[in-house]
Amino acid sequence: MAAKGTAPVTARGYDLSPKPGDEIRKTTCYMCACRCGINVHMKDGKVAYIEGNRDHPVNRGVLCAKGSAGIMQHNAPSRLRAPMKRTGPRGSGQFEEISWDEALQLADDILRPLRDTNPEKLAFFTGRDQSQSFTSFWAQNFGTPNYAAHGGFCSVNMATAGIYTMGGAFWEFGQPDWDHTKLFLLFGVAEDHDSNPIKMGIGKIKARGAKVIGVNPIRTGYNAVADDWVGITPGADGLLILSLIHCLLKAGRIDLDYLARWTNAPCLLDTDGMLRRNGDGKTLVIDRNTKAEVPFDTAGILPDIAAPGTVMEQIAERYLSDEYAPESVAARCGLTPDRIRTLAAELARVAFDEAFEIEQEWTDFRGETHKTMTGRPVAMHAMRGISAHANGFQTARALHILQILLGTVEAPGGFRFKPPYPKPPEAHPKPHCKVTPGKPLDGPHLGFVHGPDDLTLKEDGSPARIDKAFSWENPMSAHGLMHMVISNAHAGDPYEIDTLFLYMANMSWNSSMDPKGVMHMLTDKKADGSYKIPNIIYSDAYSSEMVAYADLILPDTTYLERHDCISLLDRPICEADAAADAIRWPVVAPDRNVQGFQTTLVKLGAKLGLPAFVNEDGSAKYADYADYITNHVRKPGIGPLAGWREGPEAFPEGTDAPGGRGEAPSDQLQRYIEHGGFWMRHVPAEARYFKPWNAAYQDWAVQMGLYDSPQPYLFNLWCEPLRRFQRAAEGHGTRQPPDHLRARIREKLDPLPIWWDPSEDIPDAESYPVHALTQRPMAMYHSWGSQNAWLRQIHGMNPLYIPTNIWEAQGLKTGDWVKVTSPHGAITVPAAHMAALNPNTVWTWNAIGKRKGAWALSEDAPESTKGFLLNHLIHELLPPKGDGLRWSNSDPVTGQAAWFDLRVRIEKAPAPDGEQSQPNPGTSASPVPEGAANLAWQVRK
Amino acid sequence: MTQLPAPSNVKLGLVIDLDTCVGCHACVTACKGWNTENYGAPLADEDPYGAKPEGTFLNRIHSYEVQPETGPAQLVHFPKSCLHCEDAPCVTVCPTGASYKRAEDGVVLVNEKACMGCGLCAWACPYGAREMDPSAGVMKKCTLCTDRIYNDNLPEEDRVPACVRTCPAGARHFGDLGDPDSAVSQLVEARGGIDLMPEQGTKPVNKYLPPRAKDQAPEAPIDILAPLLAPMTPGETDTPKGFLGWLDRALDSLPGGK
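These protein sequence lines map, in sequence, to chains A and R. Sequential numbering from 0 applies to the first sequence in numbering that gives the first Met the number 0. Sequential numbering from 0 applies to the second sequence in numbering that gives the first Met the number 0.
Heads up, a few of these hints could be off.
[To be verified] When the alpha-carbon atoms are kept at most 20 Å apart in a straight line, the in silico EDC-like pairs for lysine to aspartate or glutamate are as follows:
1) R:LYS240 / R:ASP251
2) A:LYS18 / R:ASP157
3) A:LYS18 / R:ASP151
4) R:LYS240 / A:ASP569
5) A:LYS18 / R:GLU155
6) R:LYS112 / A:ASP14
7) R:LYS51 / A:GLU914
8) R:LYS240 / A:GLU662
9) A:LYS290 / A:GLU322
10) A:LYS181 / R:ASP18
11) A:LYS907 / A:GLU807
12) R:LYS240 / A:GLU316
13) A:LYS290 / A:ASP256
14) A:LYS429 / A:ASP453
15) A:LYS865 / R:GLU53
16) A:LYS634 / A:ASP569
17) A:LYS865 / R:GLU198
18) R:LYS202 / R:GLU85
19) A:LYS620 / A:GLU662
20) A:LYS290 / R:ASP247
[What the hints assert, rightly or not] If you want the ones that stay clear, here's a sample from chain R, every Cβ over 10 Å from chain A, calculated:
21) LEU119
22) ALA123
23) LEU195
Just so you know, the hints here were simulated from the structure itself, not pulled from any lab data. Small disclaimer: the values here were computed from a predicted structure and weren't measured. All residues carry an ideal CB built from backbone N, CA and C; glycine is no exception.
Using the sequences provided together with the hints, build the complete structure.
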């Protein structure tokens with residue numbers, strides 16, 4: 000409410016109606032991956048205040064701690080000031096500022112010969128890049144197969160398991176039905192992704208009295224407000240979920256109608272475990288009415304899940320086994336059998352006993368009309384915690400199977416996809432790797448494989464990509480493996496590269512396992528004195544730890560100084576009820592000699608003559624990234640932004656939001672600016688739920704340009720691509736895995752979810768009895784946060800949080816230090832007690848620890864004295880098992896970095912000299928001056 | 000010494016929901032941003048990039064662990080700012096009259112032009128809700144965004160404190176706690192809102208909504224063998240074959256199943 004009564008103009012001389020600014024400029028936040036709308040209040044051309052945009056679909060006016068502190072990111076002293084070339088040895092931080100002409104010429108000198116002779120010698124990897132549809136397009140034009148962003152060390156298990164299982168995933172790709180759910184079950188450590196929408200959702204359902212259950216070893220953040228906390232032991236989420244499935248099957252508490260109609264539960268399997276198909280490639284089911292074997296999409300059928308030979312039979316066989324009984328799994332989960340049964344009972348009770356109907360007629364893809372939409376008000380969501388394990392892919396798949404057995408996906412009250420999802424795995428591109436010197440790659444780098452034929456292998460069977468993505472070691476690595484690039488490049492395995500080109504990825508520090516090892520690899524030399532990785536080009540807006548390891552720096556702008564598009568081709572800002580996209584635009588001009596990295600790529604692309612970046616006469620096709628955003632045509636009628644497109648296929652003017660498929664008007668960006676920086680078109684009422692099977696949604700999606708034709712599909716309880724890899728490992732087919740990987744592929748690429756204990760891969764695991772985790776605080780984003788003058792006052796230090804049992808056993812008291820030892824190494828760090836914690840788990844905030852000399856912080860800043868990284872304890876390879884091989888510390892399906900499989904032991908230790916956390920990798924010179932001694936940031940006169 | 004005005008009918012304040020606050024600190028930086036740019040001297044940050052960054056905040060989040068008699072430990076996030084007390088000891092202790100309580104709406108403010116920075120008010124406040132600005136040398140405290148709530152230059156819906164407008168979880172509410180029919184008073188009534196440290200006799204206007212009872216799931220198992228679709232013979236679903244048989248009959252009972 001607003002204050003009542005007559006408004007007093009002043010309070011003892013203070014103006015009570017100050018103008019917040021001369022002008023509001025609406026753009027998109029970039030203080031994390033959430034991409035909220037922000038109102039930037041300007042005074043005299045300066046940023047005076049930032050608040051949330053009330054109209055914006057993501058945040059509806061609210062803004063988190065990071066977003067409101069954006070002003071301190073924008074004026075941070077760590078901002079790079081100009082292009083730079085290295086003058087001292089790598090890692091020293093010694094640079095000379097140069098002009099953009101010189102910088103682009105240096106890049107051209109390095110890259111042109113590679114493109115002309117062997118484009119794969121360029122490895123181009125981008126970090127927290129929000130323009131992947133553009134950066135990948137640039138890399139494709141260059142012709143290198145070596146491109147990916149940071150998903151491989153972040154979330155690929157979550158994304159891939161979701162898409163292969165149900166054609167959509169958690170995080171920004173879907174959301175709980177906050178308006179209808181009565182039970183919200185949240186899995187996994189981390190409080191970051193989709194952060195404002197989840198906070199808003201939790202607030203909304205709590206205001207209604209709905210229940211929140213958190214499954215998480217650590218009770219902070221969302222778990223602190225959860226009504227029930229299930230303090231599971233790390234790595235066991237999949238086991239808990241499969242036990243819940245066991246309980247639900249035994250009790251018959253599953254949604255039979257949903258399983259029959261919308262999933263491959265009724266699909267028939269051949270004896271080889273492949274789905275039986277007709278001549279058109281359609282999977283087959285038994286119609287319960289006629290008992291005939293018919294294609295799954297035949298009109299008028301009711302597929303029979305009770306028929307012999309179905310996927311459902313395999314599910315029953317697998318999960319009714321006592322192996323998954325609560326009594327069998329409870330100890331490993333750190334729970335009691337009763338707790339597991341109670342959770343299963345509660346899920347079933349809410350899903351079925353509190354089911355409800357929405358009076359909304361809709362028609363499915365078989366042509367059957369349903370009078371209502373049946374709600375199953377149990378919504379699940381998961382954070383990184385469950386997926387950053389070697390068993391993370393199968394765990395995330397298990398969670399989706401649980402959702403599907405309860406009939407809660409795309410049902411009212413359950414989990415809903417956001418456009419452009421749902422999208423079946425077959426509708427995604429496959430990975431491409433065919434290199435032709437001087438020419439673009441033969442297609443997109445990343446995609447979804449459906450069997451061995453889709454792997455990116457060379458003719459000799461060796462990996463085509465430097466990160467070994469889509470190889471037998473990790474066949475379904477849909478996001479690539481950025482975390483393996485440097486070690487593979489250093490080892491020349493599978494081949495040597497010439498240039499490592501990175502964008503906003505702090506690979507010499509918090510984004511790598513074993514940072515000291517990575518620093519060595521980046522500086523290691525050959526016998527002739529040259530660097531093993533000959534050239535390193537890096538773009539960042541800030542003086543991050545990675546800057547010191549580059550030869551050439553292409554400085555980026557802050558997020559308030561740039562153009563961007565949050566595109567439907569990439570990772571858009573849609574809501575379950577609307578398709579939406581957005582822009583950033585320079586609400587202030589840079590006051591330094593920097594430019595948006597995407598503009599740098601546009602210019603470099605033109606200079607190199609990359610075909611999509613030059614006209615026929617060889618002149619530059621786009622002036623800058625803004626020009627590209629408006630004028631790039633990905634497919635006829637489709638480009639980076641959907642809003643205000645015009646033409647016969649577009650949604651016309653005068654409707655909800657004109658645009659979709661059509662020609663982009665020349666003033667498209669201006670229209671976005673006038674409309675608050677975003678565009679949003681609502682899903683019609685009859686299309687809101689059951690989207691994968693809903694004919695109205697499918698037609699709408701075609702008109703939007705999300706599909707070229709309707710794409711109805713069944714949810715894949717049985718994941719056939721996994722079975723194809725298994726069959727290869729069994730000896731079938733021409734493309735065969737190397738022998739040392741056969742057993743692992745047979746075992747781990749199971750077409751139904753399995754669980755195994757990642758600790759099995761750690762020799763002498765009992766010497767490391769404690770799980771060690773990190774999570775990002777809600778008020779920080781990666782390493783960007785702790786340079787922020789306001790945010791570092793909230794989280795300026797990161798102790799190791801230790802549960803009561805270990806705290807007492809070690810006789811620890813406040814202010815004590817501990818030595819933490821893993822199979823890979825040891826660190827000595829400050830300790831703090833935390834009771835609301837799984838008794839086998841320690842944890843800390845990630846990316847608070849800084850290297851001395853980075854981020855324009857002083858050398859005695861707490862981030863670089865007491866602050867620390869757990870990364871020093873984690874290696875990209877597992878400890879030797881004695882089989883003569885080194886196995887990677889990652890998921891065998893996707894290659895996702897298994898950060899959270901870390902096991903340690905904890906011992907009380909004396910504080911190191913100077914209370915300096917160990918190891919301390921020393922100081923690099925700062926390429927920017929240290930920040931001001933005092934701040935009082937007021938732009939008003 | 001400064002006198003308090005007669006208690007006002009309008010008592011503007013905050014209602015903070017401890018059941019919903021996830022401890023995200025959004026309110027902390029929104030407050031910092033608005034109040035650095037607006038009312039009085041900017042909120043300073045000393046040594047902002049150094050060893051001991053120390054700035055002025057009008058609102059901070061504290062986190063406390065609670066160990067109930069039974070069940071696992073809990074974590075409560077506790078946002079703290081000035082509670083705009085009716086009997087505000089920070090006002091009566093002020094030697095210059097700089098610290099005052101507004102007669103018309105009960106908001107407690109500091110007139111920085113009259114503040115000599117003696118710090119007595121901060122000592123007097125039992126909640127530790129005031130901070131001396133290290134650069135300006137004047138006392139800083141929550142103004143309840145008086146320069147937002149009456150601000151003609153803001154759209155009406157934005158005339159709320161910055162912390163309330165930004166709170167993602169909707170855990171912060173603003174209104175007139177002197178009006179028993181206001182939404183905030185109703186919320187306090189419905190949720191059993193409490194005064195912070197009532198024994199101090201300060202009569203705070205701000206109220207806290209206590210966390211709801213947690214971890215109430217019974218440890219004894221609920222029987223989930225109450226089948227969705229009768230009849231099912233107990234134990235039948237233990238084997239895959241029995242399960243398929245049950246499925247077959249269960250499907251017959253579905254609409255359109257037979």
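These are the hints, each one checked on the structure:
{"no.": "1", "hint": "R:LYS240 / R:ASP251", "result": "17 Å, holds"}
{"no.": "2", "hint": "A:LYS18 / R:ASP157", "result": "13 Å, holds"}
{"no.": "3", "hint": "A:LYS18 / R:ASP151", "result": "9 Å, holds"}
{"no.": "4", "hint": "R:LYS240 / A:ASP569", "result": "46 Å, violated"}
{"no.": "5", "hint": "A:LYS18 / R:GLU155", "result": "14 Å, holds"}
{"no.": "6", "hint": "R:LYS112 / A:ASP14", "result": "13 Å, holds"}
{"no.": "7", "hint": "R:LYS51 / A:GLU914", "result": "15 Å, holds"}
{"no.": "8", "hint": "R:LYS240 / A:GLU662", "result": "58 Å, violated"}
{"no.": "9", "hint": "A:LYS290 / A:GLU322", "result": "34 Å, violated"}
{"no.": "10", "hint": "A:LYS181 / R:ASP18", "result": "17 Å, holds"}
{"no.": "11", "hint": "A:LYS907 / A:GLU807", "result": "11 Å, holds"}
{"no.": "12", "hint": "R:LYS240 / A:GLU316", "result": "8 Å, holds"}
{"no.": "13", "hint": "A:LYS290 / A:ASP256", "result": "17 Å, holds"}
{"no.": "14", "hint": "A:LYS429 / A:ASP453", "result": "7 Å, holds"}
{"no.": "15", "hint": "A:LYS865 / R:GLU53", "result": "17 Å, holds"}
{"no.": "16", "hint": "A:LYS634 / A:ASP569", "result": "14 Å, holds"}
{"no.": "17", "hint": "A:LYS865 / R:GLU198", "result": "40 Å, violated"}
{"no.": "18", "hint": "R:LYS202 / R:GLU85", "result": "5 Å, holds"}
{"no.": "19", "hint": "A:LYS620 / A:GLU662", "result": "18 Å, holds"}
{"no.": "20", "hint": "A:LYS290 / R:ASP247", "result": "13 Å, holds"}
{"no.": "21", "hint": "LEU119", "result": "19 Å, holds"}
{"no.": "22", "hint": "ALA123", "result": "20 Å, holds"}
{"no.": "23", "hint": "LEU195", "result": "19 Å, holds"}
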